[in-house]
Amino acid sequence: MKALIIDDEDLARAIVREHLAAHPDVEVAAECANGFEAIKAAAQHQPDLIFLDIQMPKLDGFEVLELLEAEGKRPAVVFVTAYDQHALRAFEAHAVDYLLKPFSKERFDAALAKARALQSAQPLAPPSTAAAELASFARLGKPLERIVVKDGPKVTVVHLDRLDWVQAQDDYVLLRTEGKNLLKQQTLASLETQLDANRFIRIHRSYILNLDRLVRVEQDSKEHRDAILRDGTRLPVSRAGYQRLRELWEGA
Amino acid sequence: MHPLLASRARLGAYLLGWAPIALLLTGIARSQGWSWAEAGALSLPLCLLAALLFLSAWFLCRALPLGRSLEGLSAHGAAWGMAAVLMGGLWAGLAWILARVLAWIPGLGALPQRVGTALPVLTGLGILLYLASVALSYLMLAQDRAVEAERKGAELQLLAQESELKALRAQLNPHFLFNSLNSLSALTAVDPARAREMCVLLSDFLRRSLGLGERRLVALREELELAKAYLAIEQIRFGTRLKVAWTVDPAAEPALLPTLLLQPLVENAIKHGIAALPEGGTLAVTTEVLEGHVVLTVNNPLDADAPTPQGLGIGLRQVRQRLLGRFGSRARLEAGVQDGQHRVTLVFPLEVEP
Numbered sequence: 001m002k003a004l005i006i007d008d009e010d011l012a013r014a015i016v017r018e019h020l021a022a023h024p025d026v027e028v029a030a031e032c033a034n035g036f037e038a039i040k041a042a043a044q045h046q047p048d049l050i051f052l053d054i055q056m057p058k059l060d061g062f063e064v065l066e067l068l069e070a071e072g073k074r075p076a077v078v079f080v081t082a083y084d085q086h087a088l089r090a091f092e093a094h095a096v097d098y099l100l101k102p103f104s105k106e107r108f109d110a111a112l113a114k115a116r117a118l119q120s121a122q123p124l125a126p127p128s129t130a131a132a133e134l135a136s137f138a139r140l141g142k143p144l145e146r147i148v149v150k151d152g153p154k155v156t157v158v159h160l161d162r163l164d165w166v167q168a169q170d171d172y173v174l175l176r177t178e179g180k181n182l183l184k185q186q187t188l189a190s191l192e193t194q195l196d197a198n199r200f201i202r203i204h205r206s207y208i209l210n211l212d213r214l215v216r217v218e219q220d221s222k223e224h225r226d227a228i229l230r231d232g233t234r235l236p237v238s239r240a241g242y243q244r245l246r247e248l249w250e251g252a
Numbered sequence: 253m254h255p256l257l258a259s260r261a262r263l264g265a266y267l268l269g270w271a272p273i274a275l276l277l278t279g280i281a282r283s284q285g286w287s288w289a290e291a292g293a294l295s296l297p298l299c300l301l302a303a304l305l306f307l308s309a310w311f312l313c314r315a316l317p318l319g320r321s322l323e324g325l326s327a328h329g330a331a332w333g334m335a336a337v338l339m340g341g342l343w344a345g346l347a348w349i350l351a352r353v354l355a356w357i358p359g360l361g362a363l364p365q366r367v368g369t370a371l372p373v374l375t376g377l378g379i380l381l382y383l384a385s386v387a388l389s390y391l392m393l394a395q396d397r398a399v400e401a402e403r404k405g406a407e408l409q410l411l412a413q414e415s416e417l418k419a420l421r422a423q424l425n426p427h428f429l430f431n432s433l434n435s436l437s438a439l440t441a442v443d444p445a446r447a448r449e450m451c452v453l454l455s456d457f458l459r460r461s462l463g464l465g466e467r468r469l470v471a472l473r474e475e476l477e478l479a480k481a482y483l484a485i486e487q488i489r490f491g492t493r494l495k496v497a498w499t500v501d502p503a504a505e506p507a508l509l510p511t512l513l514l515q516p517l518v519e520n521a522i523k524h525g526i527a528a529l530p531e532g533g534t535l536a537v538t539t540e541v542l543e544g545h546v547v548l549t550v551n552n553p554l555d556a557d558a559p560t561p562q563g564l565g566i567g568l569r570q571v572r573q574r575l576l577g578r579f580g581s582r583a584r585l586e587a588g589v590q591d592g593q594h595r596v597t598l599v600f601p602l603e604v605e606p
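These protein sequences, in sequence, are chains A and B.
This note's numbering numbers the first residue of the first sequence as 1 and each following residue consecutively.
This note's numbering numbers the first residue of the second sequence as 253 and each following residue consecutively.
Worth double-checking, as some hints may not be accurate.
[Said to hold, decoys possible] DSS-like, lysine-lysine: derived pairs with alpha carbons at most 30 Å apart: (1) A/LYS154 x A/LYS58; (2) A/LYS40 x B/LYS523; (3) A/LYS154 x A/LYS2; (4) A/LYS58 x B/LYS495; (5) B/LYS523 x A/LYS58; (6) B/LYS523 x A/LYS105; (7) B/LYS480 x A/LYS58; (8) A/LYS150 x A/LYS58; (9) A/LYS154 x B/LYS480; (10) A/LYS222 x A/LYS58; (11) A/LYS2 x A/LYS150; (12) A/LYS154 x A/LYS105; (13) A/LYS150 x B/LYS480; (14) A/LYS73 x A/LYS150; (15) A/LYS40 x A/LYS58; (16) B/LYS480 x B/LYS495; (17) A/LYS2 x A/LYS180; (18) A/LYS40 x B/LYS495.
[Stated by the list, open to error] Computed far set for chain B versus chain A, every beta-carbon distance over 10 Å: (19) ARG260; (20) VAL399; (21) LYS480.
Derived by calculation from the structure, the hints in this document are not laboratory data.
No residue lacks a Cβ here, since even glycine has one placed at the ideal position from N, Cα and C.
Can you build the whole structure from these sequences, using the hints too?
This is the structure in structure tokens:
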């Protein structure tokens, strides 16, 4: 069994490594100090099991999971975190198990046993919730602050104040940011639920707009309106979208 | 929106207030030899007109708020006077038109002539009534402001209570505690001597923060010692990622300040600075004394890819509030980003225990 240990703290990785030493059938393929290393190592080693911290620089544990899922990789995941139990209950269904720091040898062995049992019951059933939704649970309802996109071998982190607008393209969303287009596999409706409704408005069936980019709305014909953005881009505004914009303006 | 138009009850009460004025006007007309029909037919609609017309005084008053001093009052006075003459004249003009219209009714044929002679009196009355409306409007505005101030006061008080609570909770950040215990758990196997050191540091930090939580004011020295204990623990956890640079002016050490002001700054610097950077960086704490004031700064590197923070977070707002709560305008808190470094500066008067 191949495993990855992903945690930004040396000592936290050391303790997982130490516990794994008692299980010679589990090979530690790599140790990763951040999310980017983890994505690279996962592509290289195809691990069966990952021990994953949640709070890490650049990419957090949920984002790592989301990116792995987008590539169709489903290693068994054991979260290792100091998060409190309430937040963890939300993603219990998704992970094999979770270890609250600090944990005992017995607790660690139990988590590993669960992972083993799951692996022998291959193929792994897809989780009931997508990683992205899982992450929004764990944020306890707080809106998203950044979006991670895997663009070939490259991982891009889009901070939401740099996101201009989003367009639906079948099962994908096209993200417009700093003059570039990025594609991510997610539906517009699912992304909409994660965004801050005061900053990002569904102006059309196919478009979500960063309100900060909007200059004005122009009416071309009786039933057709366009949103004019700071850079001059025109995006269509549906009747329902215009209604949402008006509600926001009148509420302000 | 005009406050009197905002509710039917208020508008009703306002219009009722005009009834005695209508009666007075009728009385005056009667004393000048007008018939009951002439006096009544003119004064009732005329007062209704005035009631609606003079609502405009409120908008004038809102645009010309009264200051605390008498400065600018002459300019305000000129504006009131001009508006009053204008509205008084307009009102008298409307009375004249009204009289012309009413003259079509049999028995009121003499009305235009009677109003003609009474025009100066009507104008004067209009001016007086308009000025009374101005006074009433200022009263309403003052009352609105008092209600607003009361609401704000209550909000501030709530915020202050919250910050106190937050300050108490900040002593034991569970995330910090569990991560430290996890480091300790790892160290027991790989470096028992270091593990023992960590136990001592953790106990030292806990003892200090428990002691500080009970007091309102502490010497900066104690705040610095608490921060040192805290950062020593975080240095074990983050290893080489966290470097700490201290520059402490001994003259600043006895300065008194509200309890646990430095701790949230240092915790923020770790959370948003060092912990967000794969390679970590240097956290710098500096104190100096300048012209009778203590200048305390906490500096940390930021992730260049993350958006720069806008405004103050809740933690910093609370620090500012507690600082200003103690020193008022003699203290200030500044926070900002420059060259990839986040810097928070506290400046407060150097006051020591008597």
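Each hint tested on the structure:
Taken as a hint, the A/LYS154 and A/LYS58 pair is honoured in the structure, with Cα atoms around 14 Å apart against an allowance of 30 Å. For the suggested pair A/LYS40 and B/LYS523, the alpha carbons sit about 25 Å apart, so the restraint of at most 30 Å is met. For the hint pairing A/LYS154 with A/LYS2, the CA-to-CA distance comes to about 24 Å; that is within 30 Å, so the pair holds. With a C-alpha separation of about 20 Å, the suggested pair A/LYS58 and B/LYS495 falls inside the 30 Å cut-off, and the hint holds.
A distance of roughly 13 Å separates the Cα atoms of B/LYS523 and A/LYS58; the hinted pair therefore holds under the 30 Å criterion. Using a Cα cut-off of 30 Å, the hinted pair B/LYS523 and A/LYS105 holds, with the two alpha carbons roughly 29 Å apart. Between B/LYS480 and A/LYS58, the direct Cα distance comes to roughly 27 Å. Compliance with the 30 Å bound is thereby established for this hinted pair. With a C-alpha separation of about 14 Å, the suggested pair A/LYS150 and A/LYS58 falls inside the 30 Å cut-off, and the hint holds.
Restraint check for A/LYS154 and B/LYS480: not satisfied, since their Cα atoms lie roughly 40 Å apart, outside the 30 Å limit. A C-alpha spacing of about 47 Å is found between A/LYS222 and A/LYS58, which places the hinted pair above 30 Å, so the restraint is violated. Distance restraint check for A/LYS2 and A/LYS150: the Cα-Cα separation of roughly 23 Å lies within the 30 Å cut-off, and the hinted pair is therefore satisfied. Note on A/LYS154 and A/LYS105: the hinted pairing is violated, with a Cα-Cα distance of about 37 Å set against a maximum of 30 Å.
Under the criterion of a C-alpha separation no larger than 30 Å, the hint pairing A/LYS150 with B/LYS480 is inconsistent with the structure, at around 41 Å. Using a Cα cut-off of 30 Å, the hinted pair A/LYS73 and A/LYS150 holds, with the two alpha carbons roughly 13 Å apart. Taken as a hint, the A/LYS40 and A/LYS58 pair is honoured in the structure, with Cα atoms around 14 Å apart against an allowance of 30 Å. Proposed proximity of B/LYS480 and B/LYS495 is supported: the alpha carbons are some 12 Å apart, at most 30 Å.
Taking the CA atoms of A/LYS2 and A/LYS180, the gap is near 37 Å; set against the 30 Å cutoff, the hint is violated. Between the alpha carbons of A/LYS40 and B/LYS495 the distance comes to roughly 28 Å, so the proposed pair stays at or under 30 Å and holds. Non-interface call for B/ARG260 relative to chain A: holds, since the shortest CB-CB distance, roughly 23 Å, exceeds 10 Å. Every Cβ of chain A is farther than 10 Å from the Cβ of B/VAL399; the closest lies at roughly 22 Å, confirming the non-interface assignment.
Its beta-carbon lying about 21 Å from the closest one in chain A, B/LYS480 satisfies the requirement of being farther than 10 Å from that chain.
Hint compliance for this structure: hints 9, 10, 12, 13 and 17 are broken, all remaining hints hold.
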